[in-house]
Amino acid sequence: MADVIWTWIAALLTLCVFSFMYKDNPLYKFAEHLMVGVTGGYLICLAWFEVIRPQVVNPIMKDPAAWFAGLQFIPVIMMLLMLARLGEKTAWLARFPLAFIVGFSAGVQIPQVIDAEVLKQVQSTVQVGFDGGIAQVAGDLLLVVGTICALMYFFFSMPRKRVLKWTSQFGVLVLMAGFGASFGYTVMARISLLIGRVLFLMRDWLHVIS
Amino acid sequence: MSTLAAKLENLDRRWIFLLVAVSVIVPFLYPMNLPVRPTKPVKQAFDAVEALAGTGKPLLLSYDFEPGGDAELGPVARALLTHAFARDIPVVVINFMPAGAGLAENDLKRTAAKFNKVYGKDYIFLGYNPSVLNALLLMGREVRDAFPTDSTGRVLDSYEIMKDVHSYDDFGLVVDISSSIQPEYFIRYAVTRFGAKLVLGATAVMASDFYPYLQAGQCKGLIGGMKGAAEYERLLLDNNMMARLGDGMRGMDSQSLAHAVIVLLIVLGNLSFFLGRWKRGGHHG
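Top to bottom, those sequences are chains A and B.
Counting from 1, one number per residue, gives the positions in the first sequence under my numbering.
Counting from 1, one number per residue, gives the positions in the second sequence under my numbering.
Only chain B is shown next, with the shape it has when bound in the complex (with noise of 0.2 Å):
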């Protein structure tokens, strides 16, 4: 027992690296297909973008990451387009994340290309702002301020899509996907002194950080990292919204097998820790 517990303390971390490697490669070659439900917060996140539907007015969707949390909020943010695009529902992007911009006009023209959309009329990409508080402040008031132009320098007057949108009023629903501290100057200006409601979506590192703001009905819904994008994608499969599996859905196997890999490893771990102690306690009496 002894030798087992010194084995481990010992253990080479590669052997780890590997181990985890292997509970997330296997489960794409031989899916095991576990059941994903959707949570509430990912429910109300559904429902406040579902209730556009039919208004006419245009979602705001702020496209806050990089290349670095693409792999957790990409799914997310192709979702929340999937779902406005198939219920009609226009989309102005906007970005604060100087990396990001690529990453925000790649989903956009793709997904909108799954719904035969046109640029200026059902969705617009308002281009980078390096400054989140002077454009969030700004917008309250005027979006042109904040945003003169769109991504490719045309004034916003020379699209339809933004024939009557001046501020948070003309946008039915605000949201924020994120992987930096965005969301709380959303929380801060948008939502507490002009008044949008706001849906977030942010890494599941920073999930655990916003749930006080929903529970305080400061936004009306959470999606957090990869699992809530699969949650999420549930939904639009349930809704005839989706055709395939997304991203998210696809990685919730491994990421079942994975985390079973890593309470194993976290047990082990203490097991070995608490032998070695019991071994050294004994002999000292």
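Pulled out of the complex, with its shape left as it was, chain A reads as follows (with noise of 0.2 Å):
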């Protein structure tokens, strides 16, 4: 019966959003609000029955010697500080979580980018396969240059003359060709979405198809 009632909840809702496209309404309105209040009650919810009861909650009740020889409330701490913010005059205490966040972040991440993104990206673009045949070899070669000419069309130190000049063209046309196959694929994004909610109309709540 429960799953019956929730059904129909969220069948109506679903119809209270559509309702948007023949224009805006109370309805949907309605359904926007909620759906707002409902993520942020959750969020809230999860925040503590998942990471501040078990990681700083529990561990202080069950060993607090243990959890202040670990060192454990330094994260605390700076927790409590990112609160900080809320008050007028507190909120520069803010500033030396925020610093250590974007020093940890920085420090970790840019070696591991310029590995992961540039390091391999670039290894592995110019790396020409012989063993697939001729079509392989044609499109690793395609690759390289339509590489190259996408990254001439960004090369502004120079006027647009003779090589430069065809290789930026060529070099747009390989991003429209990109722009093409993401806008394409936001397409089938869109309709899946769709698919998804029509599938759960008539399947779930109507019943018109097993």
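Keep in mind that a hint or two might mislead.
To be verified - Computed footprint of chain B on chain A; a stretch qualifies when at least three of its residues, placed anywhere within it, have a C-beta under 8 Å from a C-beta of chain B:
id	stretch
1	40-47
2	50-61
3	105-116
4	178-185
5	190-197
6	202-209
Said to hold, decoys possible - Ranges between beta-carbon positions, derived for each pair:
id	chain 1	residue 1	chain 2	residue 2	range
7	B	Val26	A	Ala84	52 to 62 Å
8	A	Ala66	B	Thr39	46 to 56 Å
9	A	Ala11	B	Leu18	15 to 25 Å
Note that these hints are calculated values from the structure, not bench results.
This structure is a prediction, so every number in the text was calculated from the model and none was measured.
Even glycine gets a Cβ: it sits at the ideal position worked out from N, Cα and C.
The task is to assemble the complex, starting from two chains supplied on their own in separate frames and drawing on the hints.
Laid out in structure tokens, this is it:
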């Protein structure tokens, strides 16, 4: 019975949201506000039950000495300092944990980003494989030429004449092909979302399909 | 002709909504059963999971999408879980998106029930962690540092499935199904730093961004959106691991018809634009 009630609620809220396609109306506004409220409440509960209670409250209650000796009070102090932003006079205190987060993230991420997203990508781009036949070689060469030409398009330090003109024009074509693929995928994604809702309404709510 | 162009230019967009809605609804009532052919990136993902069968090594599945991405990524996740359970591969599920925890729990319970899998022995849900960067770094050393307990609050050592599982080395494969930025973190840390084998499931919007990683071998397979899920389901059906059509394959007829309608609308839109410009240009010589 509970399942039926929740299915009806979900179906009616879906229709409320869809009603926006006709025009803005109070039903849509109701669904929108409800979603914001429920999401906020859900996130607060999740933060308490999945993060603060198991990682802060329980360790303190279980063994306060071990918690203190393990220096676990440092992140808790940082967390409390973040909350200092709520007060006008104490807002400056939040700069300390923020500085730590920015410094840590930059230090940890910069070498990994260079390795994973620059070096590995350049390496795989310039590798032309000869073991997959002529189609593979052609595809790999096109990748090398396309990458170089697309980079040429963003080379603004010289006037676009002769070689730079032709390569950057081919680069534009490569970029357009990339944008086209992304747009096609985006259309597919949006239609998929609609399919998901239609499937829910027709199968789980109306039972017109099995 | 110019009247038609004017009509098209001023067409109320609600007619377009209606047309797209009809093109999505009708194939559910009158299926066309268009063929679904698995593509290479999806086959690679399937093979990577298949290679785990019999090794005893668990699959680490990161469930990083929320209800907004469920229509696309839910079928991907369920297909992967079906594959793993059908091949008796242990599954360890984690989550870095707050509203995804409920979805993960539901899918895991329902799919596990179909295969009579036992919680703690065949699968486990370690719950939500708010910091993907910290968690992925910690998991390179010890899973328990990132997830001290499972989602029910019990310590991991009390579960059989976690007995010999400590870091990425103990997982046969890592799969991230995401509608956000987590795959980039998995590639930077789990793959590049700790050498894990990764398969990605991503929304269609994001899929084109991940092809360079696939081409570079940084991920072993890619399942893009509902279409990717449909292809994976096709492989499961062909290998007798699925009894009936999943949500991915069911949506493909609607997807194809809706795409045809959108292509038609793009052509008509361009036609009306050029006709209008030709007409205005004609007046000015």
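The hints, checked one at a time:
1. 40-47: With 4 residues close enough to chain B, the hint holds.
2. 50-61: holds (count 4)
3. 105-116: Held - the stretch 105-116 of chain A has 7 residues with a Cβ nearer than 8 Å to chain B, which meets the minimum of three.
4. 178-185: Three-residue rule met by the stretch 178-185 of chain A, so holds; n is 4.
5. 190-197: holds (count 7)
6. 202-209: Per the Cβ count (3), the hint holds.
7. B/Val26 with A/Ala84: 52 to 62 Å: 58 Å, holds
8. A/Ala66 with B/Thr39: 46 to 56 Å: The hinted range 46 to 56 Å holds for alanine 66 of chain A and threonine 39 of chain B, with Cβ atoms some 53 Å apart.
9. A/Ala11 with B/Leu18: 15 to 25 Å: Between alanine 11 of chain A and leucine 18 of chain B, where Cβ atoms are some 20 Å apart, the hint holds.
In this structure, none of the earlier numbered hints is contradicted; all agree with it.
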